[in-house]
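Participant: The lines below spell out each chain.
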Amino acid sequence: MTLGMINAHPVVHAKKERVARSEDLHSDDALDALDVFDSVRDIKDPEHPYSLEQLSVLSEESIAVDEKLGRIKITFTPTVKHCSMATVIGLCLRVKLIQSFPPHFKVDINVSPGSLADEEAVNKLLNDKERVCAALENPSLRQLVDECLYSNELYSL
Amino acid sequence: MEKPNSWIAHVEAFVDSARATNQQAASVDAIAVLVHKDLLTLEGLVIEMEQYLTTSDHVIRARGILLLAEVLSHLLEKPLDSRTVSSLVEFFTSKLEDWQALHGALIGCLALLKRTKKFGMVESNDAKSLAESFLRNVQVQSLAVRDRKLCFEVIQRLLDVYPQAVVELGDDLVYGICEAIDEEKDPRCLMLTFSLVGTLGRLFPDPSGPLGNFSSDVFDILSRYFPIYFTHPKGDGLDITRDDLSKALMDAFSSSPLFEPFVIPLLLEKLSSSLPSAKLDSLKYLNSCVPHYGADKVVKHSQVIWSNLKDVIFNLSPHRSSLSTYGSDGDMDSEVNQIANEALNCLQTAISHLNFPDQDSFLCLIIDDEDIGTRFWSVTSMKNYSGASTEIQCQLSALGSILSIASKVSVYCCTNVFQKFFSCLMDILGVSGKHASKLCVTDHNTCSDGLNFGALYLSMELLTSCRELTLSSKEFAPEVISEPRSWFYVLKNISRELCDALGSILETPESAEHVYCAVKGLQVLATFPEIYSPVSEATYEDILVMLMSIITRRNKETYLWELSLKALVQIGLWIENAHDSAKAISYNKLVIQRIVSMLQPNDSTISLSLKLVAISEISSIDLYLLTIVQAFEEAIVSNLRACFEGNLKSSGVLVPLLQCYSNQVLPRCHTCGNFNDIAVQVAVSIWNQIEYVAVFRSAILMKDVLDQVMMTMKHLVAGCTEENQFLILQKACSSLPKTFLIAESLPCALSQLEGFQCIQDTTLMSCRDEWVFSLFGSVVIALRPQTPLVNVKILLNLFVVLLLKGNMPAAQALASMVNKWPADVNKSEVSYSLDQAIEEILKSCLWTSESSSNFIDRDSCFQKYVVLGLAWIGKGLLMRGHEKLKEIAMLLLKCLVAGKNVDITPFQQHENGSKDVGQDASSPLATFAADAFHVLLSDSEDCLNKKFHATIRPLYKQRFFSSMLPILLSSIKESDPSSKKVVLYRAFGHVISDTPLAAVVGEAKKIVPTLADALAMLSLDILNKDMIYSLLLVVSGILMDDNGKAIVLENVHTIISLLIKLISYPHLMIVRETAIQCLVAISVLPYARIYPYRPQVFRAVSTALDDRKRVVRQEAVRCRQAWASIA
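Quick note, the sequences are listed as chains A and B, same order.
Under this note's numbering, residue 162 is the last one in the first sequence; the count climbs by one each step, no gaps.
Under this note's numbering, residue 1130 is the last one in the second sequence; the count climbs by one each step, no gaps.
Keep in mind that the hints were calculated from the coordinates and are not lab data.
Ideal Cβ placement from N, Cα and C applies to all residues, glycine included.
Some clues are possibly wrong.
[Claimed, not checked] Derived SDA-like pairs: lysine to any residue, alpha-carbon spacing no greater than 20 Å straight-line:
#1 B:1112 with A:102
#2 B:734 with B:775
#3 A:111 with B:1102
#4 B:1112 with A:36
#5 B:300 with B:269
#6 B:152 with B:247
#7 B:796 with B:737
#8 B:559 with B:620
#9 A:101 with B:1105
#10 B:1112 with A:34
#11 B:131 with B:166
#12 B:1112 with A:33
#13 A:101 with B:1102
#14 A:73 with B:711
#15 B:1112 with A:74
#16 B:559 with B:510
[As the list claims (entries may be wrong)] Each pair of labels, with its calculated beta carbon distance range:
#17 A:145 with B:1070: 44 to 52 Å
#18 A:16 with B:1121: 27 to 35 Å
#19 A:16 with B:220: 41 to 49 Å
#20 A:54 with B:710: 55 to 63 Å
[What the hints assert, rightly or not] Just a sample of chain A residues kept apart from chain B, beta carbon distances all over 10 Å, derived:
#21 14
#22 38
#23 93
#24 140
#25 147
Make a model of the complete structure from these sequences and hints.
Facilitator: What follows is the structure in structure tokens.
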């Protein structure tokens, strides 16, 4: 199905500068929102050679971490209301987080309220363990996710 | 004379085109040698070759001619008579018609033209006919590259050597050259054609001459290449860059004023190109053409040139985010900056060449430009740099550059710029000189609130360029000084007020930029050459006082403080360079004396660290170095005395003082030449202090102070020459306690020592003795090998006794002595050889030399001292490559495995039982011995290094490593799996981690299994964490090596499980991080071997995802990804 791009001309934002973390030799480094953001900011958009950060799908503020309770909550904003790629983006986020953070964290991934037409359905889909597993067993979907996660052909402004 | 048949074979070989190239070259060489040795005349050769040179078979004819030409190019330095040369030239000239043999003919012509007068050269009428024939017969552009190149070389040679002859050819020549160079594309040939045009320009300066007629054609041919577009890759073997070509074309353009009507419009047109390289080239060419064409030609373009330059400068002026980086732009190389700089260069050239003392001068264009005027007003209305828009900031910087360039060119220009702008600036700044400006618009509101930064900046730029002007022009006409209109007069009149104004800016600075400009302004005012100084003596002193008061009072304002210090240093350096004695006196009085007085104990102006910063900066002025050194000496001595008398505050002062002295000030003394005197004096006065104080008041040792004094002493001694070292050594010897020396010199000293050693109490040595002996040790450590030692035997004994009492400097001094021991005993005063000395030392250390078993019974503290001492001595021997090292190494090994053979005494068992509950049941002796290997192989700051003149054999570590490795490995193998193994692994670990990695990787095959075992075993004890890290680094080094990878693969199971264990190593974060990195490196090994470990690695890494440290977590993600992607 070649219906063309869902959002052919996205607005591309500048990347935020990476914050160099100060090395504190004696205390523990708690997991925080910036850690999570750093690990997901460079995921490539399924449609464009830009990162999720550049397309403003994600920001540090849209991530909440509670280390004590072991929860990570990410809210992302698709670029257009009828974006069918939202599920793929959500899937990428979930895979990336599973790989990068200890298994005892509970990860909630939601689209930001009002940003998507079928918001509720997508949220439900993304947080359903069974369906995520099933999706990842689909080879073509899996390939798409891997492409987004490990792509190194991001354009910079 | 050689028989023809002997060399004719060579001719045949060359002419036969089927032969190999190197064979043909050999034939040419052979014939050339024959001719050179006069075994064959050229006539003879030509006569014999006649049929080859004239045959109608063009292939053979071409080869024959080529042979003759090649032979001639070998004979450039063979004297030939004029008849021969003449007939050869005639021959080759005629052969230029023969297009099939042209290559040989060109080589022949070139060879003949290259001949010099000394060996017989071509006559000028022959050259002329050659040139005629060439122009008539050769169609250059239809030839191949190598022939075209030859053609251009022939023409170039003709133009260079026979200018008179070829000039007569006139139009034909110029036209011929035009035809030849038209449409040339090869870079090698282009370099030649550009230079040909340049030569033409010089040969035909006459506007109505041949070049005048063809100048538009020549330009037409050349202009196509501008700007040079050159895309050859770097490694094309031509060795020509774009810059070379561009430079050559520039020389061609600027070679003759005849090109002016065409070149200047072209350059100005390309200047407005959007291509940066075209812009840059245009500016460079313009800069080169203007002086070459001469003022009268270019002056008609001045208006256009100025407006173009103005555009470039104002639009491309580099924007500086802060003025503090002024002068050291990080991106100097960026294209924009290059263009802006080139534009300014060009402006300078234009101003200095188009300079007439009337209204038409280029300068007038600038200063009367209304645009400049409006910009001037707009930037001088700027209050604050950082608050202004980027555009205004750029304008300010551009205008500053223009004005400063303009005033730098000449006195006349400077005066004009001053009249137009400087007085206005002063008015804006509120500085009212006696000469109020008439040009200045009066209704421009001078600022009442806040200072005008734009004006401040511009005046600072103007001041700087005035100073540069006085530096560049050696002497001024006297009227510059007296003439009331001149810049000098204006500046002189206003300097006092200006200084005060700058001072008041510094009193209450508004921003960092204000501070920068004001300090810079003061500095410039104070550094004018003596006769042209616009400031009076009193004002000069005021400037110094102002800056000094900032140093002493305003240490809180870091930026201001540092700038002022820098300015003071610059002023001082200027005095030194200019030999300005009057200023030197006031500088000394106001700055140096004040700074030096800060070292006195009762001075409490600023913190000690700042004082030291100030002093060490100022000490970079050689002129005052001596004063400062003396002040240091006094301060050190008085503080040292106070220390000895129990003043704890002084000890706090002394450490940084000595640090600054030995790290900053002393190295500078080396450059100014009188290091020896200074060093001896300071060293002696330190010893005097110690002598003077019989008993230390303070009971505590003041270890940090002692360490620092020792280090300083070492630096002092190390820098001296042998004679001066000897002086210090004598002084030190005389300060040693007399009883000690006498006792040691007795023959029965050793027997007495026994009793002495039994008392292990270090309190036996008083605090003062500790100082004396440690300092004495430091002196010996830093001696040069050639410095003679007296009473070597006594010294050795003394150091051995001290060593046994645990005095570390004594051990190091002993090591230094051993290391620098003269190789040839007969030549030196030392009475016995190194071997004897070492026997002696070992004997006294180990009690009895026959068996060391006695020694093992001693208590652990004593053992520690002995083993450490032996390690140092061993290091001294190792570095010079002495074979006695073996003995010491064996002793250490024996200590390592001692417990195996010798029963552990009840005493030790008791001690071990009480101390160590866990696995580490090894005797302390063995641990000391293991650590001794670290001493042996690591580099030390304290002694035995290059600074302290150690004898260092190259690759000594590698040598030790390869000789020790088999022994260590076999003893590890033999030792039963008991506690002994731990210490052996420890020793092994030290050896591996202290040896250069390359040597270790080479032996990877042998060490990898043991290394893995060692890591596994050592990781059980938290005390070994640093060693674990360095061993892991060795592992990762091996993993980086191709050969090493194969060996790791053989042991992959052990290594992976070891690394997995280390991922959760709790004691050191970098160990965990490195272990994960090693796992990443392993993931590239062959898939089939590592795949089975994948689940294991995943499990380990996923626990690392929850690590306490962020770096480890990130590394774990990377590792997980690396292993996930192998499937």
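Participant: Checked against the structure, which of the hints given earlier come out wrong?
Facilitator: 14 and 19
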